Structures are given as C-alpha cells and as structure tokens.
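Chemist: Protein sequence lines correspond, in order, to chains A and B.
Just so you know, the first sequence maps onto residues 1 to 209 in UniProt numbering.
Just so you know, the second sequence maps onto residues 1 to 209 in UniProt numbering.
Calculated from the structure, these hints are not laboratory results.
Accuracy of the hints is not assured; some may be wrong.
No copy is singled out in the list; a pair is fine if it fits within one copy or between any two copies.
Claimed, not checked - Pairs of lysine to aspartate or glutamate residues, derived as DMTMM-like cross-links and limited to a Cα-Cα distance of at most 25 Å, are as follows:
{"hint": "1", "residue 1": "K77", "residue 2": "E88"}
{"hint": "2", "residue 1": "K136", "residue 2": "E50"}
{"hint": "3", "residue 1": "K42", "residue 2": "E88"}
{"hint": "4", "residue 1": "K136", "residue 2": "E44"}
{"hint": "5", "residue 1": "K77", "residue 2": "E168"}
{"hint": "6", "residue 1": "K194", "residue 2": "E139"}
{"hint": "7", "residue 1": "K42", "residue 2": "D176"}
{"hint": "8", "residue 1": "K42", "residue 2": "E59"}
{"hint": "9", "residue 1": "K175", "residue 2": "E50"}
{"hint": "10", "residue 1": "K194", "residue 2": "D173"}
{"hint": "11", "residue 1": "K136", "residue 2": "D34"}
{"hint": "12", "residue 1": "K42", "residue 2": "E151"}
{"hint": "13", "residue 1": "K42", "residue 2": "E139"}
{"hint": "14", "residue 1": "K136", "residue 2": "D85"}
{"hint": "15", "residue 1": "K136", "residue 2": "D27"}
{"hint": "16", "residue 1": "K194", "residue 2": "E59"}
{"hint": "17", "residue 1": "K118", "residue 2": "D34"}
{"hint": "18", "residue 1": "K194", "residue 2": "D83"}
{"hint": "19", "residue 1": "K80", "residue 2": "D181"}
{"hint": "20", "residue 1": "K118", "residue 2": "D198"}
{"hint": "21", "residue 1": "K77", "residue 2": "E122"}
{"hint": "22", "residue 1": "K175", "residue 2": "D185"}
{"hint": "23", "residue 1": "K175", "residue 2": "E59"}
{"hint": "24", "residue 1": "K80", "residue 2": "D61"}
These numbers were taken from a predicted model, which means no experiment stands behind them.
Number of protein chains: 2
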Amino acid sequence: MTAQLYCFGESGNAYKAALTMELSGYDWEPVWVDFFGGAQRKPEFLAINEMGEAPVMVEGDLTLTQSSVIMLHVAGKTGKFLDGDRNEILRWLFWDGQKGTGQQGALRFLMNFIPAEKRPQEAIGFLNGRVQAALKTLEAHLAGRSWMVGETTTLADLACCGYLYYPEPFGFDRKDFPAIDAWLDRIAALPGWKHPYDLMPGRPSDRGL
Amino acid sequence: MTAQLYCFGESGNAYKAALTMELSGYDWEPVWVDFFGGAQRKPEFLAINEMGEAPVMVEGDLTLTQSSVIMLHVAGKTGKFLDGDRNEILRWLFWDGQKGTGQQGALRFLMNFIPAEKRPQEAIGFLNGRVQAALKTLEAHLAGRSWMVGETTTLADLACCGYLYYPEPFGFDRKDFPAIDAWLDRIAALPGWKHPYDLMPGRPSDRGL
Chain A
1 MTAQLYCFGE SGNAYKAALT MELSGYDWEP VWVDFFGGAQ RKPEFLAINE
51 MGEAPVMVEG DLTLTQSSVI MLHVAGKTGK FLDGDRNEIL RWLFWDGQKG
101 TGQQGALRFL MNFIPAEKRP QEAIGFLNGR VQAALKTLEA HLAGRSWMVG
151 ETTTLADLAC CGYLYYPEPF GFDRKDFPAI DAWLDRIAAL PGWKHPYDLM
201 PGRPSDRGL
Chain B
1 MTAQLYCFGE SGNAYKAALT MELSGYDWEP VWVDFFGGAQ RKPEFLAINE
51 MGEAPVMVEG DLTLTQSSVI MLHVAGKTGK FLDGDRNEIL RWLFWDGQKG
101 TGQQGALRFL MNFIPAEKRP QEAIGFLNGR VQAALKTLEA HLAGRSWMVG
151 ETTTLADLAC CGYLYYPEPF GFDRKDFPAI DAWLDRIAAL PGWKHPYDLM
201 PGRPSDRGL
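With the hints as constraints, model all of the structure from the sequences given.
Modeler: As structure tokens, then:
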C-alpha cells in the first residue's frame, strides 16, 4: 500500500517525514498542499488534520499527523533509524520540534515568504535570537560526533536537519557552524538523499519568488 | 529510589513532568533551578542538560530531559495515563511542545518576567497571534469531549494544560475558551492535583513580582 504524504517543498517539517520515508525505501508518494494558498485552513484539510498543519500521512485507514509521529511510525515498520538510546532519540525529536525546526520555520517564513514591507523586524529579531541559541546547542552537540545519537544515523539526525538545506536566508550560514556543516554533508551523502525541493512538490520559484 | 526533578514553579514545561509524577504516585522530589538567576546556562547545569533547559529528571544512573520524554518514562513505568491510541497521545505531545506550551511559555516570559520598559511589543504581538491560533485548535478539539484522547486522562491532557493554570497574563482568558475551561476543571479535580506553584518551588512573589 502506497502511503500518501500531504506536503509541500518549502516545509522543513514535511521534509523530515519525507526524507525518513525516502531513505527507508518506504512506499510513499507526495500530495501537494497549497500552503501559500491557505489550503491548510480549509474545511477539507481540517477534516484530515484539525491542527491545520502539514505533513499528514494517509496509509489505508491510518491517518497520522506531526512529522515526528510519522517518522516514528515509519521507523517502527522498517526498523531503520532507531539504533541507539530511544530516550536520546526522542529528546532530540522533541527539542527539534520546539527549538529547532519549530522556530526556524517561523523565522524563514517571516524573512522570505511575506512581502518585504510587511516583515515584522522586531519579531524577526526576537526569533532570530532564539534560532541562533538553538543552533549553538546543536553545534556544541555535534562537535566531535558524527551523528546526533550513538554511532549511526537515526531519526534525530533526520529531524534536526529539517530546515538546514534550504537556500533562503533565515540566520543560518553553514560556515558559522562547522560541526553542523560537516554533519549536513554526511546526511546528504546517504544513499537516496534528496534536497527538499527535489523530494517534494512546490518551491518558491513556482510562486515567482 | 527517589527521582529528582530539576524544576522551578514558573515553568509550565517542568509542571507537565511534575504533575505526571505527582498524579501517578511516583517517588520524586523537586530540585529548584534558579532559572531567573541564569542557572540553566552555567557549566554545572549544562553538564546534566546540554540543552540548557528545565526540567531534567535524575533517577539513579538515568538522566532524562525534555518534559515529554520524562512523562513517557514515568507513564511507561507506572502504566498510567497511556490508555488510548498511542499515536494520538504522541501527536498532542509534539503539538503541545511546539504550538502549545512552547509558545505560551515564551509569551508569558516576555509579558511578565522582563522589565515593562524592555518588553518587545511587536514580538509579543506576533507570539500572541500564534498562541491564540493554537488555543483555538485546542478549544475546537475539546468541544464535545472530556479528555484530549479517548475516554480518560492521558499524557496528552497533562501536557496541553502545562501553562494554563498560571495567573500571569499571556493572552489566555478561560472565559473565552469554554471547552478548555471545563477541561481544566476536570484535570484539577483529579485526586492529588496541585497548582504549579504548590507543586514546585519558586514563584514570582519570591522575586518581588
């Protein structure tokens, strides 16, 4: 049975789930969500996810939302990306949801996907401070390690990299974070790895950006 | 063995873990973290949690961080608060970490715990918009239900209520959210329930606020 992942290329949260499926050899296909057209706030979308968020995975009778829940489901079925201390993997999934991708996604949205004259500069500054603090935590954790948890790739890696391959500015410059930079290269060298814009439909140039 | 929970009364994230332990009859004791004195950024705290965050649970050789990881550990050992679809419980834990307590905590901090003249009003407005949207999602979910998942109290309830009993303003007025209001009364009626300021050491009046 082919799982459908409701997603869009600009979403690092969707990328976390899509990348886990792709690197696991999972049977999946993307279904584009017109996020910038407000599809996630329409009744037909809210009927599959009352949270009004992508990604959503539909697999037969099963509907799952929240990227980390989808990742844990896929990993549980394939046995991949779960080697290592489960509590350590989980704590990075939770940390990433709040402090990592959770904040990076909001900052990147404000800095790129609303008209320049409407960008709230003080809110951007506030969020940027929080994003930088979290990136420092990630950098310190990765210094001297190859992977987030244990000796191999786990869901913690596939979560924490969610927004870090995107080219649009959001306060993250790889040269400022050498341990993160090397780790992103390691993830990108995994067989089957794809950039978010190559893995999911939708990219800013589709909207003339 | 008595588990030690590094926490402080003002932290809704610590409250999630403390409340789970208390309502489960878990053997635990609080250890006050001087968050407002910056203890979480000092080397001795970073040695137990590189994320620089409370809560942290230390139980013998085991150190756990992230409130939801502690909650899942406690629930796994006691068998309590896990009845119901595990994916549903998990998705609300992840949702709450990002959209619920994650944002409410930041907003409440900015609106109450920094000097009035330094409060960043645009950032507060931005965060308030996001907090209101999440509260609407929670209100819609709870309308016509007694509990977040299934027919009884689960970790999803103990997570999503994390900041909602605090008296300090952060854009949440119970009368505007009748389903949340009734649900908070249900949680507060559970045997052994305590308000965060009665469950953990530290409250604003200790700092003259």
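Chemist: Quick check: which numbered hints come out false for this structure?
Modeler: 5, 12, 15, 20, 21 and 23
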